[in-house]
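Protein chains in written order, with the numbering used here: chain P, 593 to 868; chain R, -7 to 395.
No lab work stands behind these hints: they were computed from the structure.
Please read these numbers as outputs of a predicted model, since none were measured by experiment.
Among the hints, a few may not be true.
Restricting the straight-line Cα-Cα distance to at most 27 angstroms, the calculated cross-link-like pairs of lysine-lysine (BS3-like) are [unchecked claim]:
no., chain 1, residue 1, chain 2, residue 2
1, P, Lys789, R, Lys8
2, P, Lys761, R, Lys109
3, P, Lys783, R, Lys109
4, R, Lys107, R, Lys154
5, R, Lys154, P, Lys762
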Amino acid sequence: MINLENRISSIFKNLKLENKKAFISFTTAGFPDVDTSFEIMKSIADSGAHIHEISFPHAEAQADGPIIQLANIESIKNGINFDKVIGIAKEMRAYNQQIGLVMMGYLNNIFIYGIDKFAKEVSGIIDAVICVDLPADVVEESQLKQALKKENIALIKLITPTTSDERIKKLVENAEGFIYSVNVAGITGVKSAEIDKVNSQISRIKQYTDLPVVSGFGIKTVEDVRKFSKSNADGVVIGSAIVEKIQEISKKNTDKKNIAKFVKDFCSELIKSLNS
Amino acid sequence: MSTNEIKNSLRSGPNKNGYYGDFGGRYAPEILMPNLIQLEEAFETAINDKNFIDEFNYYLKEYVGRPNPLYYAEQLTKKIGGAKIYLKSDHLNHLGAHKINNSLFQVLLAKYMGKTKIYCETGAGAHLIATAACGARFNLPVVGYMGKDDIFLQSTNVLKAKLFGASVVECVDGTGQKGVLKDACTSVLKAWSSDPTAFYCCGSAIGPHPFPKIVQYAQSIIGKEIKQQILEKENRLPDAIVACIGGGSNLIGSIHEFLDDHDVALYGVEAEHSSALTNGSIGIMQGFKSFMLQSNDGSATLDTKSLASGINFYSCGPEHSYLKSIGRVSYTYATDDEAFDAFQLLCKTEGILPAFEPSFAIAQAIKLAKEMSEDKIIVINICGRGDKDIDTAERMLGDKLGK
Ligand SMILES: Cc1ncc(COP(=O)(O)O)c(C=O)c1O
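Use the sequences and the hints to build the structure in full.
The following block contains the structure:
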């Protein structure tokens, strides 16, 4: 294990002292439009979220369900591109220096942008990267990992219900930041996570690593979050549920400020349920 | 038969991580990785198991109807006035396309692995009906994923698949409005992720490793037969082989046996508005790295269009990107008009109704044959028959068809 000391590691350290879990939100950059997506992220930071995942959209998102897929397509239609996503990340960092920022998406954007150029560009801005389609045995994995490491940015590993113990052992060996434990076999926003299975998967992971383990996929409601406050995860990720809320309100409401406020209230409520 | 590395050979296949040079790989979400590794291991075991290979060969002969003829197209040759033109007759296979070679292999592999359910994607529906038929034959339920637009264009194939007991899921892109082959590919990967104990029968030489290798292996029967048949008929190898390319399965199947025969010129023909190998750039989507038609920042594929649904694909199999990068295969494209003319020409000269897909290959082969002398030999793979396309042909011809 590599002990990368950055904002994310101290966030988890501090939460542990307080016996609290990390609330990790996820929204799609550029959805419903570029400016509003930034306003939403600012309000999420204001709500007290510990870490925010800025999703850079991809049209052929292999691991995403209909909710995030629709947000991806809409945001691409509305003119988002990878440069602009990096721009949003920079503005977010200027706005808030405490929140952990993760860029999450598919490898092709980083590959096309240039791995080294990307790492340098987001240096001092983001704290971690999650690439959904970047398993350990493709050549870009070690390239990206090394490039990010130079900038003190973690490359996060995902572990799923199909990952064997043997594979977990290998995956956590040089993992950094935290481990992302995927709760369900499937795509985002469809199946619901079952707490018993989640707990046993996280126990399985924790046999092999001291890194924080966060639980994501299939956590949808305030009740879910309340349930997960008693899980053995060190944090929970809420993605589709927030994106779906944004979709609902932006359909009814043209005043963009209200969307940001609504999301802030929703996240505040979720955070309260997580750490009450 | 073994896929062990052959020294200094272009036929030695991908490296252990699935790369052909810089292309290919296994860019899959973690949820699919155990499946892909399990599949790769089962594939290697199966092809070294004499019983498995005997069974595959038995059904290739008795069910698919192989070997199919390497037919000397004398009338077409005379009409064009150049190289001698031979047609490899994969349109005469059971269900009328090359796809059954691969479906049969993979359905047998699914059975070998003890799988109980099969997913597949499809463009023109050829892979769907082939997989559905094999599923029926070997008692495995098949769920096919097909783009909304293709379901409309290829309705008879949808009907056939349903008669074989398969179910068909309509796929759309994120907008929910339209859907073609690439949307079927993304959808089927999602379905497989959600049901990882199922078997995914990939229809072309695309996708994460080991699919390009498996499909190449199964389809190489085409080129093996070409080699044997041309040696029997002409006592020498051909000067050129031409096939169309969507994902690249019928092309790699036609040429793989000849990759080390450097005197045989090899051609892949894409559709003009989905010509990834001519007009694309290198990218990573749907699990593999290859040339593709994509937006500047790599967020999306570009819209593609073709008369032939089966080759209306934004990318191509990684082995083709590699063969392009080293210059072993020439990749070109034909226009819809050229293909439609070639389609009619083969009907008129030989009484053979090709599918629209190989009509793109015929169009290019005609151009090549014209430039070649009469002592040269060119082989075209007629990878499918045109029954599925006659409604569209009728619409396009209108009055010109005559009474
Ligand atoms: C008749 C026919 N030919 C060709 C293709 C293209 O596939 P590939 O490039 O994999 O041979 C298809 C695909 O559906 C097809 O149906």
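Going through the hints against the structure:
For the hint linking P/Lys789 to R/Lys8, the alpha-carbon distance of about 33 angstroms lies beyond 27 angstroms, and the restraint is violated. The straight-line distance between the Cα atoms of P/Lys761 and R/Lys109 is roughly 31 angstroms, outside the 27 angstroms bound, and the hint therefore fails. At most 27 angstroms may separate the alpha-carbon atoms for a hinted pair to count; P/Lys783 and R/Lys109 meet this at roughly 20 angstroms. For the hint pairing R/Lys107 with R/Lys154, the CA-to-CA distance comes to about 21 angstroms; that is within 27 angstroms, so the pair holds.
Proximity of R/Lys154 to P/Lys762 is assessed by CA-CA distance (about 44 angstroms); at most 27 angstroms being required, the pair is judged violated.
When the structure is compared with the earlier hints, violations turn up for hints 1, 2, 5 and for no others.
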